[in-house]
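Peer 1: Use these hints to put chain B onto chain A, whose structure you have.
Residue numbers (the numbering used here), protein chains in the order written: chain A, 1 to 571; chain B, 572 to 685.
Keep in mind that the hints were calculated from the coordinates and are not lab data. A portion of the hints provided could be inaccurate.
What the hints assert, rightly or not - Straight line, CA to CA, 27 Å or less: simulated DSSO-like cross-link-like pairs of lysine-lysine:
# : chain 1 : residue 1 : chain 2 : residue 2
1 : B       : Lys647    : B       : Lys622
2 : A       : Lys97     : B       : Lys595
3 : B       : Lys622    : A       : Lys168
4 : B       : Lys612    : B       : Lys595
5 : A       : Lys168    : A       : Lys97
6 : B       : Lys622    : A       : Lys98
7 : A       : Lys251    : A       : Lys80
8 : A       : Lys472    : A       : Lys306
9 : A       : Lys235    : A       : Lys80
Unchecked claim - A few chain B residues facing chain A, derived, Cβ under 8 Å:
#  : residue
10 : Leu620
11 : Thr644
12 : Asp652
For every residue, glycine included, the Cβ atom is placed at its ideal position computed from N, Cα and C.
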Amino acid sequence: MQAKKSRSPTASKLVKVPTGIKGFDDIMMGGLPGGRSTLVAGGAGSGKTMFGMEFIVHGATEFNEPGIYVSFEENIDDLKKNFASMNFDLTRLIDEKKIIIDHVFIERNMIEETGEYDLEALFIRLGYEIDSIGAKRVALDTIEVLFSGLTNHAVIRAEILRLFRWLKDRGVTTIVTGERGQFTLTRYGLEEYIADCVILLDNRIDNELSTRRLRIIKYRGSSHGTGEYPFLIGKAGITIFPITSIRTDYKMSMQTVSTGMPIMDEMLDGKGYFKGSTVLVSGTAGTGKTSLGAHFVDAACRRGEKCLYISLEENQGQVVRNMRSIGINLQQWIDKGRLKFHVARPAMHGIEMHLLMMEDEANRFKPQNILIDPITDFTMVGGGREVKSMLIRLIDLFKARGITIMMTELIRGDIRVEKPETYISSLIDTWILLRNFEYGGERCRGLTILKSRGMAHSNQIREFVMSSDGIKLLSPYIGPEGVFMGSIKLSQEAKDNARILNIKREIQHKHDMLEEKMLEYEAKMLAVKTQQKVEESDLKKGLAMAEQDLQILLGDREQLSRERKMKAQRP
Amino acid sequence: MAKENGVSEYLLRIYVAGETEKSKHAVRNLRKFCEEYMDCKYEIEIVDLMKHPQLAAGDQIFAIPTVVRKLPTPVKKLIGDLSATKKYWWAWTLSIELIGTDNNGRIGHSKIWW
Numbered sequence: 001m002q003a004k005k006s007r008s009p010t011a012s013k014l015v016k017v018p019t020g021i022k023g024f025d026d027i028m029m030g031g032l033p034g035g036r037s038t039l040v041a042g043g044a045g046s047g048k049t050m051f052g053m054e055f056i057v058h059g060a061t062e063f064n065e066p067g068i069y070v071s072f073e074e075n076i077d078d079l080k081k082n083f084a085s086m087n088f089d090l091t092r093l094i095d096e097k098k099i100i101i102d103h104v105f106i107e108r109n110m111i112e113e114t115g116e117y118d119l120e121a122l123f124i125r126l127g128y129e130i131d132s133i134g135a136k137r138v139a140l141d142t143i144e145v146l147f148s149g150l151t152n153h154a155v156i157r158a159e160i161l162r163l164f165r166w167l168k169d170r171g172v173t174t175i176v177t178g179e180r181g182q183f184t185l186t187r188y189g190l191e192e193y194i195a196d197c198v199i200l201l202d203n204r205i206d207n208e209l210s211t212r213r214l215r216i217i218k219y220r221g222s223s224h225g226t227g228e229y230p231f232l233i234g235k236a237g238i239t240i241f242p243i244t245s246i247r248t249d250y251k252m253s254m255q256t257v258s259t260g261m262p263i264m265d266e267m268l269d270g271k272g273y274f275k276g277s278t279v280l281v282s283g284t285a286g287t288g289k290t291s292l293g294a295h296f297v298d299a300a301c302r303r304g305e306k307c308l309y310i311s312l313e314e315n316q317g318q319v320v321r322n323m324r325s326i327g328i329n330l331q332q333w334i335d336k337g338r339l340k341f342h343v344a345r346p347a348m349h350g351i352e353m354h355l356l357m358m359e360d361e362a363n364r365f366k367p368q369n370i371l372i373d374p375i376t377d378f379t380m381v382g383g384g385r386e387v388k389s390m391l392i393r394l395i396d397l398f399k400a401r402g403i404t405i406m407m408t409e410l411i412r413g414d415i416r417v418e419k420p421e422t423y424i425s426s427l428i429d430t431w432i433l434l435r436n437f438e439y440g441g442e443r444c445r446g447l448t449i450l451k452s453r454g455m456a457h458s459n460q461i462r463e464f465v466m467s468s469d470g471i472k473l474l475s476p477y478i479g480p481e482g483v484f485m486g487s488i489k490l491s492q493e494a495k496d497n498a499r500i501l502n503i504k505r506e507i508q509h510k511h512d513m514l515e516e517k518m519l520e521y522e523a524k525m526l527a528v529k530t531q532q533k534v535e536e537s538d539l540k541k542g543l544a545m546a547e548q549d550l551q552i553l554l555g556d557r558e559q560l561s562r563e564r565k566m567k568a569q570r571p
Numbered sequence: 572m573a574k575e576n577g578v579s580e581y582l583l584r585i586y587v588a589g590e591t592e593k594s595k596h597a598v599r600n601l602r603k604f605c606e607e608y609m610d611c612k613y614e615i616e617i618v619d620l621m622k623h624p625q626l627a628a629g630d631q632i633f634a635i636p637t638v639v640r641k642l643p644t645p646v647k648k649l650i651g652d653l654s655a656t657k658k659y660w661w662a663w664t665l666s667i668e669l670i671g672t673d674n675n676g677r678i679g680h681s682k683i684w685w
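Bound conformation, chain A alone:
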């Protein structure tokens, strides 16, 4: 071999080579073993080719490591076309000598074997390519085609083993893909030759939905994440979702954000929700969960923040139209780029896929607020435990970014149980319960705050009324006869009002009576006084006359006596 041999990394420390595949390097604690071969095994359509190609392309574009992609199946044009949809411009990378794609075409019906041979030509070909661009990475997809294309398997086995040793000697990091066998990891037992690192890709059907999963079967000389990691192949390639990559050491904010309803803010210690907290709105059908959510969204956009509306039932137009009826104009926020809808049908994907897509959307839009309406629909595609696990990750993921999350949840049956369908109440910071109350042939909506961590909140049940200018929270009627809402409250209030009016009237009446009586007495007193005066004057008159008479009488007697005295003296 004319190629100069670059030594593999020293034995003292394992060098890790990042793949650039989202999430994968985290669970690999850095990446693939440098200068060694890694087997990526999986069934048809499990994403092996994607894995290999991402490794090569990310290496060339992000880590300045040129790479060789040896395709034993697809031809170069097909690969270029297939990866163009992922914005991998293979043609440009080839022109820039950052990657080489080599299609090793083995067509059974064109080939005959006779006598002894080896695969030296493959080594020469690969060696030449590695030298021409200084490649550090190689992907062989899938070398097993040699087994189906050639009959002398003993030779192929020996040669493949030699190839892996040779690649190791050259110090290139290699990904070898292999088709999954019935009882073995790969159909032709490639795992026997690759001792350093084995990764299994799997595409399983659960609940009629396929979910891709990845597992690290072995990684010699390194610790790695264990368990199965769901992954998504989307527009941005493979995204692996390891729970271990979620940070739980995030800082919590003391800041609060308005609920969009002044009375509601008042109920929450006069502040609102904590920024970056998780709010769950549970309610039976038609209790106004979405409307409450719309207020949250509207308030967020009003503050100038961005909000992602993840709708699992209604589409964008429907929500915008419906919310207009309660006086909330969401369209303006969409137009201003503050509100984005992510409409997903629950049955469209597996539960993990939903999580990945939501994360993907959040990564791109970078909202400060997220509304998920409703989370209950996830139970359609996953069991309670799966949904809970997904929601835990979702909450952690968004909390770590300081995103305020509101989730709505449809609850059924006896709401007194207060048992949410998805059992996530322990993860929730603020839990609002909306329920229907039935009174006298009428349903009323009531809102309670079941809990709100870290703040003093109201324990009162408020009546929840939706009007053309938004949600109104009314105080219920609280009286000696009980707590009433709705029209019962109104009638109770009317009854009370009538009683008050009656009493008021009575008081007025008494007032009037009093006044009348007073006037009456006054009049009577006037009459008595007049009579008194009359009688007084009459009596006085009589008295005067009597005295006069007396005087007169007394005057007559004197005169008489005087006259008598005069007569008697003369005789």
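Peer 2: Relative to the frame of chain A, chain B by itself:
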């Protein structure tokens, strides 16, 4: 390389790696076959991939030695050093006109296409 003057009907290219005994053996076998059995004009090209590694991809060579029948089309490939080769097997593989006895023991030229 042409055995005779004129346009060759057959173009056979043999890929080897280095001037090893194995390579020489394969080339010898090919020459011998052609001289013995081929009645028409043919051409043999020898490509040493050690010297011209860039040529391996063009003819989709991954094993050594490989004989590629470039002409007539369609292209056919023989992998191996041609040691374990019998006459008819050769003919079958390369669909070459052979001189000698055919299956029925008749002498003359027989074109074998099966």
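Peer 1: Hints first: check each against the structure and report whether it holds.
Peer 2: Hint check results:
The straight-line distance between the Cα atoms of Lys647(B) and Lys622(B) is roughly 23 Å, inside the 27 Å bound, and the hint therefore holds. Distance check on the hinted pair: Lys97(A) and Lys595(B) sit about 36 Å apart at the alpha-carbon level, beyond 27 Å; violated. Of the supplied pair hints, the one linking Lys622(B) and Lys168(A) holds, its CA atoms being roughly 24 Å apart against a limit of 27 Å. With a CA separation close to 23 Å, the supplied pair Lys612(B) and Lys595(B) stays within the 27 Å bound.
Between Lys168(A) and Lys97(A) the alpha-carbon distance is near 23 Å, which keeps this suggested pair within the 27 Å criterion. Our distance criterion of 27 Å between C-alpha atoms is met by Lys622(B) and Lys98(A), whose separation comes to about 24 Å. For a cut-off of 27 Å, the pair hint linking Lys251(A) to Lys80(A) is broken: about 44 Å separates their Cα positions. At most 27 Å may separate the alpha-carbon atoms for a hinted pair to count; Lys472(A) and Lys306(A) meet this at roughly 25 Å.
Simply put, Lys235(A) and Lys80(A) have alpha-carbon atoms about 15 Å apart, close enough for the 27 Å limit, and the pair holds. Checking Leu620(B) against chain A by beta carbon gives a least distance of about 5 Å; that is within 8 Å, so the hint holds. Annotation: interface hint on Thr644(B) violated; nearest CB of chain A at approximately 11 Å, more than 8 Å. Restraint check, Asp652(B) versus chain A: the minimum CB separation of about 4 Å is within 8 Å; hint holds.
Consistency with the previously given hints fails for numbers 2, 7, 11, ordered from lowest to highest.
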